[in-house]
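> Residue-level listing of the chains:
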Amino acid sequence: GAVVSQHPSRVICKSGTSVKIECRSLDFQATTMFWYRQFPKKSLMLMATSNEGSKATYEQGVEKDKFLINHASLTLSTLTVTSAHPEDSSFYICSARDLTGSSNQPQHFGDGTRLSIL
Amino acid sequence: QKEVEQNSGPLSVPEGAIASLNCTYSDRGSQSFFWYRQYSGKSPELIMSIYSNGDKEDGRFTAQLNKASQYVSLLIRDSQPSDSATYLCAVNFPLTLSGGYNKLIFGAGTRLAVHP
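Chains as they are written, first to last, in my numbering: chain A, 754 to 871; chain B, 755 to 870.
None of these hints come from the bench; they were simulated from the model.
All values derive from a computational prediction rather than experimental measurement.
Incorrect hints may appear among the rest.
Said to hold, decoys possible - SDA-like cross-link-like pairs, simulated, lysine to any residue; straight-line CA separation at most 20 Å:
hint, chain 1, residue 1, chain 2, residue 2
1, A, 795, B, 799
2, A, 794, B, 799
3, A, 773, A, 763
4, B, 857, A, 857
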């Protein structure tokens, strides 16, 4: 159980392109999903908390107009990197927590999306 | 400032030995603690969760929590080369201190290398 699917797994595109990443909870419902970014040899940094039916909460220093988050249902959240530039190249990972559990339950991670902007 | 501290390593242990990974956290109000394993180029995989003081065992893994010392550790018995990975300590910070949402704060990770 607790499977999170993330798509696509890898994106290579030109500078200025907008890229959409999908995160789905396959066998559970998730009111809250989380988006992380990880640079090489660094730890995961929380970018934003995605809430079903309401606006996402962004961490300090993360541009909300640059990283658009939509959480339209209890099983799907999307992250759109708008007008991506080489410095946005990173490993983006989503996670979700089962709605039926307490807020202390673990987050389950998708497989990540490796974004490379040329 | 919410912080989770880990030694970056690498921690090198021979096959069959016990690997001991340590983590400290800054906030006494934290209630839930997790260890994730991350292979190079992959996303984190949950290994253990622990919520109360003491030890919790699952197969070759034992998590230890000491809330008074704000310390959590992971022991891996009979270490195998396949255990070689980065181990991330993650702490769930309480609702009231996170601006309305429970956040999982990760340490920088400890790289474990198990050599034959």
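> For every hint, state whether the structure bears it out.
A quick look at each hint next to the structure:
For the proposed pair residue 795 of chain A and residue 799 of chain B, the alpha carbon gap of about 16 Å is at most 20 Å, so the pair holds. For the hint linking residue 794 of chain A to residue 799 of chain B, the alpha-carbon distance of about 17 Å falls within 20 Å, and the restraint holds. Between residue 773 of chain A and residue 763 of chain A the CA atoms are separated by roughly 11 Å; this keeps the pair inside 20 Å, and the hint holds. Distance check on the hinted pair: residue 857 of chain B and residue 857 of chain A sit about 10 Å apart at the alpha-carbon level, within 20 Å; holds.
In summary, this structure violates none of the numbered hints.
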